[in-house]
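Chemist: Numbered by UniProt numbering, the letters in the sequence shown go through residues 1 to 309 in order.
If you are wondering where the hints come from, they were derived from the structure by calculation, not from laboratory data.
A virtual CB, placed ideally from N, CA and C, is assigned to each residue, including glycine.
Don't take every hint at face value.
In silico lysine-lysine, DSSO-like type, Cα no more than 27 Å apart, as pairs [unchecked claim]:
#, residue 1, residue 2
1, Lys212, Lys161
2, Lys302, Lys259
3, Lys234, Lys183
4, Lys234, Lys212
5, Lys279, Lys234
Simulated restraints, written as ranges between beta carbons of each label pair [stated by the list, open to error]:
#, residue 1, residue 2, range
6, Asn22, Thr211, 25 to 31 Å
7, Lys297, Leu44, 55 to 61 Å
8, Asp222, Tyr50, 43 to 49 Å
9, Thr211, Ile268, 22 to 28 Å
10, Glu182, Leu44, 34 to 40 Å
11, Glu182, Glu219, 22 to 28 Å
12, Leu239, Thr211, 20 to 26 Å
13, Lys223, Leu168, 16 to 22 Å
14, Thr211, Gly155, 28 to 34 Å
15, Leu283, Leu239, 28 to 34 Å
16, Glu218, Tyr12, 24 to 30 Å
17, Leu239, Glu218, 24 to 30 Å
18, Tyr12, Ser233, 57 to 63 Å
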Amino acid sequence: MKIERLLEILFYIINRDNVSANNLAEHFNVCRRTILRDINTLTLAGIPIYSEVGSKGGYSINPDYRLNEKIIDNANSEYMLLALQSLKSVYGEKKVHETYEKVKHIYSDKNNNHALNIDFSIVNENRTITFYISMLKEAIQHNKTVSFQYTNLNGDTRIVKCNIIHVLYKWYSWYAFGYDLEKSDFRMFKIVRMRNLEISEMYFDNDYDVTKLLDDYEEKRDKDNIYITIEYSKEVDALINEYFHGDVINVLETSVVKKVAIKENDFIMFSIILGFGEKIKVLSPLSYQQRIKEHLKNTLIKNYENSDI
Numbered sequence: 001m002k003i004e005r006l007l008e009i010l011f012y013i014i015n016r017d018n019v020s021a022n023n024l025a026e027h028f029n030v031c032r033r034t035i036l037r038d039i040n041t042l043t044l045a046g047i048p049i050y051s052e053v054g055s056k057g058g059y060s061i062n063p064d065y066r067l068n069e070k071i072i073d074n075a076n077s078e079y080m081l082l083a084l085q086s087l088k089s090v091y092g093e094k095k096v097h098e099t100y101e102k103v104k105h106i107y108s109d110k111n112n113n114h115a116l117n118i119d120f121s122i123v124n125e126n127r128t129i130t131f132y133i134s135m136l137k138e139a140i141q142h143n144k145t146v147s148f149q150y151t152n153l154n155g156d157t158r159i160v161k162c163n164i165i166h167v168l169y170k171w172y173s174w175y176a177f178g179y180d181l182e183k184s185d186f187r188m189f190k191i192v193r194m195r196n197l198e199i200s201e202m203y204f205d206n207d208y209d210v211t212k213l214l215d216d217y218e219e220k221r222d223k224d225n226i227y228i229t230i231e232y233s234k235e236v237d238a239l240i241n242e243y244f245h246g247d248v249i250n251v252l253e254t255s256v257v258k259k260v261a262i263k264e265n266d267f268i269m270f271s272i273i274l275g276f277g278e279k280i281k282v283l284s285p286l287s288y289q290q291r292i293k294e295h296l297k298n299t300l301i302k303n304y305e306n307s308d309i
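Using the sequences and the hints given, assemble the complete structure.
Modeler: Here you go:
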């Protein structure tokens with residue numbers, strides 16, 4: 001991941017008199033262009049990296065330079081440690097642990113009492129996902145196409161060949177974002193639904209603007225939202241606000257009416273609504289209300305027809 005590589009590059013240069021871009025690219029298994037971008041990022045962050053041209057040229061840092069309060073103060077270092085600690089808890093790679101230990105050694109004296117801690121270790125319970133994340137990272141670093149068996153929400157399974165350019169954690173799950181060669185479009189794939197992930201020997205040019213592509217994808221995805229109006233008991237207000245973000249339309253004596261945006265075929269949101277039972281009801285649209293009725297009716301008939309209900 002980029003933050004890990006940036007810190008490793010910084011320590012690598014600090015511990016040497018002079019390092020060329022080619023040496024850095026070879027050491028970190030990335031292209032020279034990536035190294036140039038990383039050096040620029042470090043420079044913009046205030047790190048005094050000097051560049052020399054010529055046969056003996058390269059990058060260097062003043063030998064008297066240290067990561068200290070002038071560059072990173074107590075608050076900055078605490079947030080950096082927090083980010084690395086959180087990354088360490090969720091991303092089980094040795095390099096992340098090594099980077100954390102290096103930075104912790106430098107700043108731990110200043111941050112003995114952390115006021116904030118984030119533990120994402122629960123998302124690291126599935127070792128297959130952790131392994132796949134590591135494989136996808138390798139594919140991204142070497143610009144290699146991957147293939148995997150993928151099952152969508154409807155239960156349809158197909159073999160996907162994709163140029164993955166980004167891995168992210170959102171919506172309570174890990175996702176891989178990339179260009180689907182069969183669909184000729186950028187798609188988001190939930191890693192937990194992947195099977196038989198393989199890295200091919202096919203290379204692709206990774207000159208994509210990831211930030212813009214993700215923004216465009218999210219904008220397109222938001223257009224698929226539908227708005228539903230729900231009425232729920234005040235006693236579950238805190239829980240509703242945790243799962244459903246929207247505008248409160250009316251506050252009644254014992255209930256609240258709220259308008260929220262969801263994906264029409266979002267299985268998780270549909271399940272959450274069902275999970276609240278009699279504490280919540282969908283007022284509109286009628287099509288979504290009917291979908292809930294049909295689901296409950298079919299469940300009762302199929303699973304509890306002979307039960308005493």
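Chemist: When the structure is checked against the list of hints, which entries are broken? Sort them ascending.
Modeler: When the structure is compared with the hints, numbers 2, 3, 4, 12, 15, 16 turn out to be violated.
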